[in-house]
Amino acid sequence: MRKTVWSMCGMCSVRCPIRVEVENGEIKWIEGNPHLLGGALCAKGSAGPALVADDERPRQPLIRKAGRGAGQWEEVSWYAALDYIADKMKKIKEKHGAEAMMMSCRGGPFPDMFKSFLHGFGSPNFTNHDSGCGRNVHHASKSVYGLGRKGFIYDIKNAKHLVLFGRNILAALRIAEANQVMDMLENGGKLTYVDVRQSMTGIKATRFFQVRPGTDYAFLLGTIHGLIKKEAYDKEFIERYVSDFDKLVEFIEPYTPDWAAKECGVKVKGIKDFINEVAEDRPKVIFHPGWMLSRYRDSFYASRALHILNVLMGNIEVEGGQLLPKTPGDCGVKGLRTLGSMVSEKPTQERADQVGTKYTHFDKGPGLFHLFYKAMETGKPYPVKGLICYRHDPFNCFPDPQAQKRALDNCDLLVSIDTHYSEFGWYSDVILPESTYLERDSAIVAQKGNKPRFIKRNKALEPRLDTKPMWEIVKMLADRLGFGDNFPYNSIEELWKWQLEPTGVSLEDFDEKGYAELTDTPIPIDQEKLEKNIKTPSGKIEIISKVLTDAGLPSLKEYESPLKPPKGQFRLVFGRTAVHAHGHTINNPLLHELMPDNSVWINKRAASKLGIAEGDLVDVIAHDGTTGVIKAHVTDFIHAEAIYVVHGFGRQVPLQTRAYHSGMSDQKLQGGLLQDMDPAGGGLCLCESIVTVLRSSKNPKRRVEL
Amino acid sequence: MNKYMLYLDSKRCIGCHGCEVHCKTNKGLPVGPILCEISHDPLKAVRGVPRTEFRFRSCFHCEDPFCVPICPTKAMIKRDDGIVYIDQDKCVGCMACAGACPWNIPQMNPETGKAVKCDYCMDRLDIGLRPACVTKCTTHALKLVTMHEVTDSK
Ligand code: SF4
Ligand code: SF4
Ligand code: SF4
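The listed protein sequences derive, respectively, from chains A and Z.
706 is the number that our numbering gives the last residue of the first sequence; the numbers go up by one with no jumps.
154 is the number that our numbering gives the last residue of the second sequence; the numbers go up by one with no jumps.
Looking at chain A on its own, in the form it has when it is part of the complex (with noise of 0.2 Å):
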């Protein structure tokens, strides 16, 4: 008989809310929840099944026994790891105090339970792989509203308008929200798409910008001059609620649209019909804040303009706009029971990172990873012994692999819990392999919205290899520690049933639908309520933010035009694809059927002054002379100043047969980068690697064959 298993993707990290179909321990279906995403999945989704069924991942615990990153392994008992992994935990406590441990994880849903275990340890260094992603737009929601960049969801489907910066919205995909897009294109509704590149989102754009790399901070200060001076945006709403907006009128004089189109590269008829238009949607425009935008080094300034367009706009809370999510309490419903109220002392130590210390401007949840590395290597504030990588992998994610590698070295514990080979776990002393999504259970999260919502994941099949579930390893390592109390649990239905006991919901309620309904009908939307929930010092949307002028930053930053690469050289920037998600899914069997390798997109003009023909090897030679060889796409489509390639590729993994060394990293050829952190908002700058290109010794000229 065939059983339905209502679950979440583990995929990617959006977790799109699925339907399994199983009989006898095999998957016969497996769908988007057809009550949330009428059946739809992305390939990646699809591709579930196969990265169940493929051996090239960790089959059981591993424990290092020879030199990091030489690839010899000692297949060993969970026991034996997790007793080897708490052995060495306790004696970095003792010699270098609790704190000396930090864990990172890749965010989402689920940190309450690894932040619990840190913290039950006595380490206030927990934190995720954010500074190499969404750092900046998080700062700057912060810094403009006092919300996180969680703090709005965005009524795509009902915008007249939807202005996307490199937010490749349809290839870096979540499912519902691609299709939000398409509905709103559908409804007549207007995209503007400004990148280096042309992108699978700006295919389907009605207006399209390709700009210079590194000005998209000036296109915007252009756009608010223009809005501005035409006076078209919402008094009401800025007399109500916005601080110092006198101050953004005088910066912003000399940023005409006329200098935002020179800078830019693009032309003046374009940016001025552009805000034209805007001037006319409004409100029901949204200018998306940006996900990924460890970019530039005015990133963060180019997030908080896009802010304060949607500002502008005076979008938020209007259909169409930017809403703010609704969360169990506003239905009534009290929250889940946290992991974290079982940790009696919360750590009072300084963080490693000094997040909240020397950098009172930063959120101190889960900090900035790279400053960890800096302590590893300094001893200071205090020194960093051990690292706990929670499906996280630091090599992939951040800059400069081998200057990671040089920061390790000092430490006495390296552990990797992953489904798969992660770089990093490659080179730790312990390999955890976590079951993967469709074997796993996991604890019950709450998702926002207009209809708030706890869901869970359900395993649809039992393990088949020898891995474990993180819920079970997080108790059983507490166990070895000597606070297994703080995780009152023995099986996830205990826990499941201990996370529900103050909401009322029962697990009944999640049978039908995969989900439990906290509302029939969704929350209405309701301006008048903004006041409370705008959360900086000031309780207005601050222009002038006090947070920033408080740690010395300006909130409002003169522009700076960006270095323009020498001759024969170029910025590397990267970015996605619907087909893969990052590093994590390269070695899957039918996901590198589709998408093998990554190639090198080059401008026409740019490649033929080089020599280099579509399909030709290139070198891609980084400052400090490490190079990268891939292919070459010659294209019109792509900025003469930059190249760009699909991240994640080039992994150097052997046991990943399919994707040892298959295409390019970017990431190794960011020598230098690791610490080049925007002092204002955290995230890492990404795009500010120069590389020289040149057209491979490898193509072949000759056959010698015999």
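Keep in mind that the hints were calculated from the coordinates and are not lab data.
Heads up, some of the hints might be wrong.
Stated by the list, open to error - Sample of chain A residues facing chain Z (criterion: CB under 10 Å; computed from the structure):
| hint | residue |
| --- | --- |
| 1 | 29 |
| 2 | 41 |
| 3 | 50 |
| 4 | 171 |
| 5 | 173 |
| 6 | 193 |
| 7 | 267 |
| 8 | 268 |
| 9 | 575 |
| 10 | 579 |
What the hints assert, rightly or not - Here are the computed distance ranges between Cβ atoms for each label pair:
| hint | chain 1 | residue 1 | chain 2 | residue 2 | range |
| --- | --- | --- | --- | --- | --- |
| 11 | Z | 104 | A | 402 | 43 to 49 Å |
| 12 | A | 338 | Z | 104 | 56 to 62 Å |
| 13 | A | 90 | Z | 111 | 47 to 53 Å |
| 14 | A | 702 | Z | 127 | 58 to 64 Å |
| 15 | A | 109 | Z | 27 | 30 to 36 Å |
| 16 | Z | 113 | A | 615 | 32 to 38 Å |
| 17 | A | 276 | Z | 111 | 56 to 62 Å |
| 18 | Z | 108 | A | 4 | 31 to 37 Å |
| 19 | Z | 27 | A | 273 | 44 to 50 Å |
| 20 | A | 83 | Z | 123 | 48 to 54 Å |
| 21 | A | 28 | Z | 66 | 29 to 35 Å |
| 22 | Z | 11 | A | 657 | 49 to 55 Å |
Stated by the list, open to error - Derived lysine to aspartate or glutamate pairs resembling EDC-like cross-links, with alpha carbons at most 16 Å apart:
| hint | chain 1 | residue 1 | chain 2 | residue 2 |
| --- | --- | --- | --- | --- |
| 23 | Z | 27 | A | 462 |
| 24 | A | 448 | A | 517 |
| 25 | Z | 27 | A | 23 |
| 26 | A | 272 | A | 258 |
| 27 | A | 451 | A | 317 |
| 28 | Z | 11 | A | 186 |
| 29 | A | 28 | Z | 123 |
| 30 | Z | 27 | A | 21 |
| 31 | A | 272 | A | 317 |
| 32 | Z | 11 | A | 183 |
| 33 | Z | 44 | A | 636 |
| 34 | A | 451 | A | 520 |
Here a beta-carbon is modelled for each residue, glycine too, at the ideal position from N, C-alpha and C.
We have chain A already, so just place chain Z with the ligands on it with the hints.
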């Protein structure tokens, strides 16, 4: 007359190649055969926006298919509703069908040593479901058209 047709609303399609994997996973196919394909021409600027459109191709389920008569074991069958499919029990993997098909559509499944091709997911159709590629299309761009619908809309 053929009863079914797959129609791609190329305005909605985002070239995510989901359908290709939906199809493979539904049929449990290994690396090798790909029964449907999304393709596009190189980008071309149209009124300032570099564009292209996506095309979807599976099997044409020809009115008068070349693949059917060529099959020595009569494994290739055209149903009354027009679906051309391969009876896996009869197929011997000689691939004569692929040679006869102008588009080389039947492919070898290396796991079974037999030919496979799009059968409009007839097992699903026959119990009232839509094909895998249609049901799970990321943006609901791919549609199953049943011919009476077309007549109705005229
Ligand atoms: S799944 Fe749908 S949107 Fe994606 S390529 Fe196929 S038809 Fe297009
Ligand atoms: S396999 Fe080729 S010849 Fe046979 S029905 Fe399909 S398209 Fe026609
Ligand atoms: S109809 Fe079925 S067999 Fe044909 S391409 Fe779609 S999923 Fe594959």
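Among all the numbered hints in the text so far, which are the ones the structure does not match? 8, 9, 22, 23, 31
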